[in-house]
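Asks: What follows is the residue order along each chain.
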Amino acid sequence: MEDQKVRILVVDDEFGMREGCRKVLTSEGYEVETAEDGVAALELFKEGKEFAVALVDLKMPRMGGMELIEEIQKYDKDIALLVITAYATIGTAVEATKKGAYGYIPKPFTPGELLIPVKNGLEKRELSLRTKKLQQERDEKLLEVAYERSKCGSIIRCMSDGVIVVNRDSKIVLTNATVNRFFPEFTNIPPLSPIESLGYTDLESLLSETLSTGSYPAILSKEISRGERTYMVNASPLVKDESEILGAVAVLRDISDLKKLEAVKASFVSMVSHEVKSHLGAIEGYLSLLLSDETNSYTEENRKMMERMGLRAKALRTMVSDLMDIGAIETGKFFIKRVPIKVNEVINDAVQICIEKARKKRIELTDSCRDLEEKLEILGDRDALVTVLRNLIDNAIKYTPECGHIKVNNKAEGKYVKISVSDDGIGMTGEEKAKIFNEFYRVRNEFTSHVPGSGLGLTLVKKLIDMHQGKIVVEAGPGKGSVFTIILPEIKEALYG
Amino acid sequence: MAKKILLVDDDLDYVAITKSQLRKDGFDVEVAHNGEECLEKVKKDRPDLIVLDVMMPVLNGYDVCEILKSDENTKGIPVILLTAVAENVTKTNYTRRQGIENEADDYVKKPPVYDDLIKSINALI
Ligand SMILES: Nc1ncnc2c1ncn2[C@@H]1O[C@H](COP(=O)(O)OP(=O)(O)O)[C@@H](O)[C@H]1O
Ligand SMILES: [Mg+2]
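Which chain is which? The protein sequence lines are Z and V, in order. Residues 0 to 496, numbered by numbering that gives the first Met the number 0, are exactly what the first sequence covers, in order. Residues 0 to 124, numbered by numbering that gives the first Met the number 0, are exactly what the second sequence covers, in order.
Chain Z on its own, in the form it takes in the complex (with noise of 0.2 angstroms):
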């Protein structure tokens, strides 16, 4: 089309006109075709034929130009239509603007008076071209918007997952049919509903802190309940261009079954755990009494034996304890009792216990809390605290070689108590550091293989630190040692923060 010729139609009954212009057109470069009335023009029209202007007389013999104007029309919607109109009859000219014409020129007419306006007549049907390109272009985009949503909509329809998006304010954007199954309150809601008009308090404080989170990504997560449902919420914010937080989207999971079947195994696991236990302390019971009783006079070999019997069967009960404590907090049974308690006696009391056991395997187990009366104070369960660290220490003893070195230090660091425990022992790599709080998790390798152990221990310590609103951290390498730093609110920040 370009680089084209620019094709003008020239429709008039006089010879002398039509060739006038035709000479005038040809001249500035146009590709010039004429017609001598209506019908002739439009059987061009109706040969496929295009063009850019046309000039129509108004007064002809068979068709006269103000029909072929709305008739040209039908073929062509941004044809630049002038009329060449005597003085006398411009009132039609003016008529024929309103049915479409661009515009008129008067007879007679100087060339220049014939060109200006053909040329306003091209640079306004170019106009109304690309306008035209324009607007396809944007419908075109908003199909495929359609479409995808279309898509998405689809998806999210057949998901057996709830869905809810909210926008920036906590007004609801969407539910899925899933959620109005889980909630029917969901059902049939106006749009743009606030959440905090439907009552699920536990949601609406999820999504508005999602929705604090900033764009930075993140997943929040939390266990709601309904009745005799519990439902598995993962909410996240909705970011655009990284920066700007449209909404929040909610998806949700009925856990309920998943739940009833965790309490199941957790209940068989205490049931058994206990009568394990008290068989156990039966028998370290009765060994103790037979290894105290001074009127036995037992060989020294026999007395080892039964000193070693008696501490497996204690190895043995602190696991099931474990697994019993674990199972505890898992079903909602263990309840910790937070009172005010110095770090330094926690502390002392952990080391106490352990003291022994690092003498025998000659490591050298040092404190920084010789001072008792120091007023360093947490808000803790004692019981659960000296378990914790008990547990830390004796990992250390355990995966550190003979002769090694264990610290156990605490400091206060602004709102928080930081107690670490730390060892040049064994280390371990960082992928072995991401799993040890897992439930059972073991490191296996030469060194490990001769240490006993459930794996139990820190997945008791981690559920007992989170109870108390803390945390746990790990650094460790390799052959490097391994530092267990537990970080807990302190006192007035437990209490008003």
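One or more hints might be untrue.
What the hints assert, rightly or not - Simulated pairs of lysine-lysine, DSS-like, Cα-Cα distance not exceeding 27 angstroms:
| # | chain 1 | residue 1 | chain 2 | residue 2 |
| --- | --- | --- | --- | --- |
| 1 | Z | Lys-356 | V | Lys-108 |
| 2 | Z | Lys-461 | V | Lys-23 |
| 3 | V | Lys-108 | Z | Lys-332 |
| 4 | Z | Lys-313 | V | Lys-23 |
What the hints contain is simulated information worked out from the structure, not anything from laboratory work.
Starting from the structure of chain Z, add chain V with the ligands where the hints point.
Replies: The following block gives chain V with the ligands in isolation, referenced to the frame of chain Z:
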């Protein structure tokens, strides 16, 4: 004169073990194997302290404790309850759940580690 402890548990092995240990530490030990027997023995021959297991048939430890603590005559006798971890952990939880005012004087986890038990006994006598 040696202090008298009444040991109440239906587990014969525990009774045997704990009895020997307590005797060795110079206590006079009486034994009952269930709640009813316990109440009878308390009436007949008042002990200085009662160690009471929670898990017993017929009358459990909680019930026995409540009976003892709501009776003017036996109220003053210290009671140590032996409770299993899985069942119950802290005193606050126990009282909250049971709604009992007549609480025991102390709680020791079961199976009892003798050191814990003797510490608790010495604190109460
Ligand atoms: N101080 C430590 N140094 C090296 N490895 C450790 C240390 N503490 C724990 N681990 C690793 O983490 C695993 C899990 O610890 P834990 O849950 O206490 O189980 P257990 O000690 O019974 O094996 C251990 O088996 C060990 O591989
Ligand atoms: Mg361990």
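Asks: So, for every hint listed, does it hold in this structure?
Replies: Here is how each hint holds up against the structure:
1. For a cut-off of 27 angstroms, the pair hint linking Z/Lys-356 to V/Lys-108 stands: about 24 angstroms separates their Cα positions.
2. Of the supplied pair hints, the one linking Z/Lys-461 and V/Lys-23 is violated, its CA atoms being roughly 40 angstroms apart against a limit of 27 angstroms.
3. Using a Cα cut-off of 27 angstroms, the hinted pair V/Lys-108 and Z/Lys-332 holds, with the two alpha carbons roughly 15 angstroms apart.
4. At roughly 22 angstroms between alpha-carbon atoms, Z/Lys-313 and V/Lys-23 fall within 27 angstroms of each other, so this suggested pair holds.
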